[in-house]
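Enquirer: Residue numbers (our numbering), protein chains in the order written: chain A, 1 to 351; chain B, 1 to 320.
For the record, the hints were derived by calculation from the structure and aren't laboratory data. Note that beta-carbon positions come from the ideal geometry of N, C-alpha and C, so glycine has one too.
Some chain B residues flagged as far from chain A (calculated, every beta-carbon gap over 12 Å):
(1) Val32
(2) Pro150
(3) Val168
(4) Leu184
(5) Phe275
Quick list of simulated restraints, FRET-style, between CB atoms:
(6) B:Val106 with A:Val141: 35 to 41 Å
(7) B:Phe98 with A:Ile117: 44 to 50 Å
(8) B:Cys139 with A:Arg22: 41 to 47 Å
(9) B:Phe140 with A:Asn92: 41 to 47 Å
(10) A:Phe93 with B:Ile298: 33 to 39 Å
(11) B:Gly143 with A:Phe93: 36 to 42 Å
(12) A:Val148 with B:Gly143: 27 to 33 Å
(13) A:Ile291 with B:Glu157: 51 to 57 Å
(14) A:Cys343 with B:Val106: 51 to 57 Å
(15) A:Leu301 with B:Gly143: 19 to 25 Å
(16) A:Arg195 with B:Phe140: 50 to 56 Å
(17) A:Leu213 with B:Phe140: 55 to 61 Å
(18) A:Leu349 with B:Gln199: 41 to 47 Å
(19) B:Val106 with A:Met310: 19 to 25 Å
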Amino acid sequence: MIRTGRRVYKAFQGEILPVPWRLISFLFAVFLFLFPLITIQPYVLRILIFTCIYAIFAVSWDLLAGYAGQTSLGHSLFFGISAYTAALLNLNFGIKPWLTIPCGAIAGTVGGLILCIPALRLRGIYFTLTTIAFPLILIGVVHTFPKVTGGELGLYTLTPLSSSRLSSYYVCLVVALASILAMWKLSDGKSKIVRTGLILQAIREDEIAARTLAINTIAFKIVVFSVSGFFAGIAGGLYAHTMRVVGTSTLELGNSLQPILWTLFGGICSIHGPILGTVFLYPLTEFLRIIPKFRLLIFALVMVFIVLFMPEGLGVWIRNKLEKECPRCKLVNASWRRHCRACGAPIHLER
Amino acid sequence: MSHQGNDSVLAWNLSFEFFKGRRFKENLGNMVLQILINGVLTSGIYALLAIGFSLIFGVARIVNLAHTALYMLAAYYIFLFGHLLGLNILLSVALAIFLTTFIGMVIYKFCIDPILEHETSIVIVTVSVAIAIQEILLCFFTGDFLSPLPFVSGYVEFLGVRISAQHVLTLVVIFFLLLGMLFLLFRSKLGVSIRVTAQDREIANLMGINVGRICLITMGMSVLLAAIGGVMIAPISILEPHLWGEPLVIVIAVVVLGGLGSIKGSVIGAFILGFTETLVVFILPGGSFLKGAIALLIVVFILWFRPEGLFGVVFEEERL
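In isolation and in its complexed conformation, chain A is listed as follows (with noise of 0.2 Å):
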């Protein structure tokens, strides 16, 4: 028991104490964990229970297209079928959200396999405009049906996550950072122990060239579609049973740009980019219901002038300024110290 306690404290020395942006992202959930100390309102709690469940929908967007290439603008697919399944066996059958949860994760993991179907064979622009037709075409099916799917009005009266706000809260911090540490872990490329995100990556710059290097492409894409799915689809059964109401605003092509807009606001091909962003830009957005009248069309102007102006996205800008490559072997440094912390190298070769 202490010897794990004590190899935990070394990996928290030796990995994430000397490098900034790992010890900031540390001290963030930490804060995440204790912000009820500061305040239990309803209203704030539930502006955080959804940033959760955003940023989990955000970044298995930025797994599927950040790090695997496959730019989806359908994303909303696997959510809209998550919450849809969930609401449906919550309601007729009365199963209790912590099975209609994993039940919705798994019909988005099959979301993303049917998307697969098209998707091996389309590449670029080709996949990118394809995907926007699948969440509408289940938008069609849910208004044919109105007496099963609710049609227009949707499924509502769904079982609330919890009893109440302050455990949902938790419930949604703890599977969010377990979502997220896992995807993390799948798209790291310096991982000696999972080589997908090398992988994806490689796909993603040169897919003839990944395939003569003895990548089975195909399978790789099978996979990052059904995870990238699994955990849309995560976030849409939370979303189900957080919200209590699903309609097709879970399929709309307003739920897929939403993740990609805080994807490249924080920094496309990062974990932590789609975080940042959706954990200032989400708020925001909630604040700003304050003058309704104009808060999409500022949302839509302060994304033109990022993607203008800042095309790598806030947190990459950011993490670029505090953190800088060892030259030699490779290890993230912070970028005020003068030489690698492992290797002794000089850091900042330019000067």
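Take the given structure of chain A and dock chain B to it, following the hints.
Expert: Below, chain B without anything else, positioned relative to chain A:
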């Protein structure tokens, strides 16, 4: 959520009125004719939009998702000038087309041109622009359903079917516009330089073509087509600020189906999807909800067999 229910692109109620109080069998012939006319009209509008979309993609690799937002903007201009301010019809049409084209070119110059290399960023920017247009329209005109007055009133009798003169006018305009577009692209010097730029930007540049200007002109032409489409459908549809969503999806489907950048493919794709939609609306119960879904299913199905679309070209060297 709201715009799925009420048919936005064209006023189908014409055909529903026609069904009322008559027996089905007698009117089978009429129904076929009605389907034909509505199908041609829908397909024509889609073809106009799809050609514009396809043109600017082919020449500058821009996926302009604000395309149908501009089309909607033109329709709103008609409402503003013709209906609210009461200007002369010809004047308001000219103003609407000019202003929309101008705005499209301004958007190109300031929002798309600086990030021309990043395809994904262009998608994001144009979506944002479309949302911005939607919100601005929402501020000025509110979310109410508006319908401008028709340019010409009255009906035309054609083989026993009454068609409103506005529909006939729209058909004629679309027909001549498509012809003119083909003429411009395949028989004029500008058309040659546009097609050369579409085929190979660097070679076009070497041949002394000002690629940047050709891109701007193409953007102008593409928005012009959208604007004319918007102006023509304004009187026969119901305007609301979410009007751009549904046609955008169909136009993307048309263009992907026909092959990105191919004019011929866009026209044929537009006719396939336009007629599918019309048939679904006429034949299936609850068809107006399913029309988009079935059209998109057809696209996915065709892409299964031809991933590059019907007339698309695979760019081997680009390694997409």
